[in-house]
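J.: Can you make the complete structure from the sequences, with help from the hints?
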Amino acid sequence: MFWSASPAAAAHLSAATPGSSGPASLDDATDKATNAAGWVQENWGTWLTSGLQILLIIVIAVVLRHVIRRTITKLIERMNRTVAAAQGTALGGLLVNAERRRQRSEAIGSVLRSVASFVIMGTAALTVLSVLKINLAPLLASAGVAGVAIGFGARNLVTDFLSGVFMILEDQYGVGDEIDAGVATGTVIEVGLRVTKLRGPNGAIWYIRNGEVKRIGNLSQGWSTAAVDVVIAADQDLERARDTITAAGDEMSKAEPWNEQLWEPVEVLGLSEVHLETVTISVSAKTMPGKALGVERELRWRIKHALDAAGVHLAPRPLPEDEEAAATDPAAAMAAPSALNNPLSPQSLATNPISSPSKLGK
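By my numbering, the letter at position 126 of the sequence shown is numbered 126, and the numbering carries on one by one without gaps.
Keep in mind the hints are simulated off the structure, nothing from the lab. Quick caveat, the model's predicted, so the values are computed rather than measured. Worth double-checking, as some hints may not be accurate.
[Stated by the list, open to error] Pairwise CB distance ranges (calculated):
| no. | residue 1 | residue 2 | range |
| --- | --- | --- | --- |
| 1 | Asp235 | Glu190 | 22 to 30 Å |
| 2 | Glu251 | Leu157 | 54 to 62 Å |
| 3 | Gly217 | Val145 | 38 to 46 Å |
[Said to hold, decoys possible] In silico SDA-like pairs for lysine to any residue, Cα to Cα no more than 20 Å straight-line:
| no. | residue 1 | residue 2 |
| --- | --- | --- |
| 4 | Lys197 | Leu162 |
| 5 | Lys304 | Gly200 |
| 6 | Lys197 | Glu212 |
| 7 | Lys197 | Arg209 |
| 8 | Lys286 | Glu251 |
| 9 | Lys254 | Arg297 |
| 10 | Lys133 | Ile58 |
| 11 | Lys291 | Leu314 |
| 12 | Lys254 | Asp237 |
| 13 | Lys197 | Asn218 |
| 14 | Lys214 | Gly192 |
| 15 | Lys214 | Ser163 |
| 16 | Lys291 | Asn218 |
| 17 | Lys133 | Thr123 |
| 18 | Lys254 | Lys304 |
| 19 | Lys286 | Glu256 |
| 20 | Lys304 | Gly270 |
| 21 | Lys286 | Glu267 |
| 22 | Lys304 | Leu314 |
| 23 | Lys286 | Asp237 |
| 24 | Lys291 | Arg240 |
| 25 | Lys304 | Pro265 |
| 26 | Lys304 | Pro343 |
| 27 | Lys74 | Val63 |
| 28 | Lys133 | Ile57 |
| 29 | Lys304 | Arg240 |
| 30 | Lys286 | Gln221 |
| 31 | Lys291 | Ile189 |
| 32 | Lys286 | Ser272 |
Yeah, the Cβ is synthetic: ideal placement off N, Cα and C, and Gly gets one too.
T.: Below, the structure written as structure tokens:
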């Protein structure tokens, strides 16, 4: 049931209620509401302006980031198309490794896109904070201290990353190259910003941190050298041996597929070692990068058959020192005689255990 009271009764009731402030509470509430409405009316323009500025900053940052990333992607795709076009030519097939260039361009593009995104979005975030009237000095100081701490804690990771970036930018090696990284040797199968993967001669995959590589020997850039040493007996005809080796090299340079892998004729350099019973003839040839080992094996095969056909004998394999001594003196492998072999010798008797003394009689 609803009922109403007169203003006098309400005033009397308010005055009689403990803890009540009466009409003063209504006036305070009215003043607060009026002040709040006035404060909103005075500041809504500033809020609207700041909101529009923040929205505009975010839109510009997103659009700029999208445009730059798309531009970098288009540039990388154009580089890959150029490499693919060169791959189809005769000279490009020898000098260009499409997979190597593709991975290198993709790695460079990934780095550029990440750097662009970090710079653009970081600048936008700082601009938004400045619009909100937030003091950036403490934030920047804290970020600097945190960056130093993270740098000390993750210095190996930063070193690996920076080393990988410079390796890719300088094109020190790529996929398919034969390299000697000091800690491992093999064929590069993947180049990353932090780790390089090598396939070793025995098939093992080596994961090498880029920051640990102090030196790199690339065996697949420019050209390679196939070097073969032929050891023949000292009493053989050296002129016939040289002519035979030269003829074997000329025959090999005209055969498939060695005519493409040999970039210069096989050259007999001369004698590199002269001993009492043997002489060593050095043979060299300039080959396609990464093909030196195969050329060396084939060249040894052909030289051996050619020398056998020409009647030039190779030097016998030298025996190890212990085997050589045993062959010259059969008694050298026998052990020296020992006095312990005679059980009646003083040395053997001295090794016998001492018997316990007999019991003394009472």
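J.: All hints are to be evaluated individually against the structure, with a verdict given for each.
T.: Consistency of the hints with the structure:
1. Asp235 / Glu190: 22 to 30 Å: Violated - the Cβ-Cβ distance for Asp235 and Glu190, about 54 Å, lies outside 22 to 30 Å.
2. Glu251 / Leu157: 54 to 62 Å: holds (55 Å)
3. Gly217 / Val145: 38 to 46 Å: holds (42 Å)
4. Lys197 / Leu162: Distance ~17 Å between Lys197 and Leu162 Cα, so the pair holds.
5. Lys304 / Gly200: violated (29 Å)
6. Lys197 / Glu212: holds (13 Å)
7. Lys197 / Arg209: Since the Cα atoms of Lys197 and Arg209 sit roughly 9 Å apart, the hinted pair holds (cutoff 20 Å).
8. Lys286 / Glu251: holds (16 Å)
9. Lys254 / Arg297: holds (17 Å)
10. Lys133 / Ile58: Within the cut-off at roughly 17 Å; holds.
11. Lys291 / Leu314: violated (26 Å)
12. Lys254 / Asp237: At roughly 26 Å apart (the allowed maximum being 20 Å), Asp237 and Lys254 break the hint.
13. Lys197 / Asn218: holds (15 Å)
14. Lys214 / Gly192: Holds, at about 17 Å.
15. Lys214 / Ser163: holds (10 Å)
16. Lys291 / Asn218: Since the Cα atoms of Lys291 and Asn218 sit roughly 13 Å apart, the hinted pair holds (cutoff 20 Å).
17. Lys133 / Thr123: holds (16 Å)
18. Lys254 / Lys304: holds (18 Å)
19. Lys286 / Glu256: Holds, at roughly 16 Å.
20. Lys304 / Gly270: Roughly 17 Å between the alpha carbons, so the hint for Lys304 and Gly270 holds.
21. Lys286 / Glu267: holds (9 Å)
22. Lys304 / Leu314: Roughly 8 Å between the alpha carbons, so the hint for Lys304 and Leu314 holds.
23. Lys286 / Asp237: This hinted pair is violated, its Cα atoms lying about 27 Å apart.
24. Lys291 / Arg240: Violated, at about 29 Å.
25. Lys304 / Pro265: This hinted pair holds, its Cα atoms lying about 18 Å apart.
26. Lys304 / Pro343: This hinted pair is violated, its Cα atoms lying about 59 Å apart.
27. Lys74 / Val63: holds (16 Å)
28. Lys133 / Ile57: holds (15 Å)
29. Lys304 / Arg240: Measuring from Cα to Cα gives roughly 14 Å; hence the hint holds.
30. Lys286 / Gln221: Holds, because 13 Å separates the two Cα atoms, which is no more than 20 Å.
31. Lys291 / Ile189: Within the cut-off at roughly 17 Å; holds.
32. Lys286 / Ser272: Given pair Lys286, Ser272 holds - Cα atoms ~19 Å apart, limit 20 Å.
When the structure is compared with the earlier hints, violations turn up for hints 1, 5, 11, 12, 23, 24, 26 and for no others.
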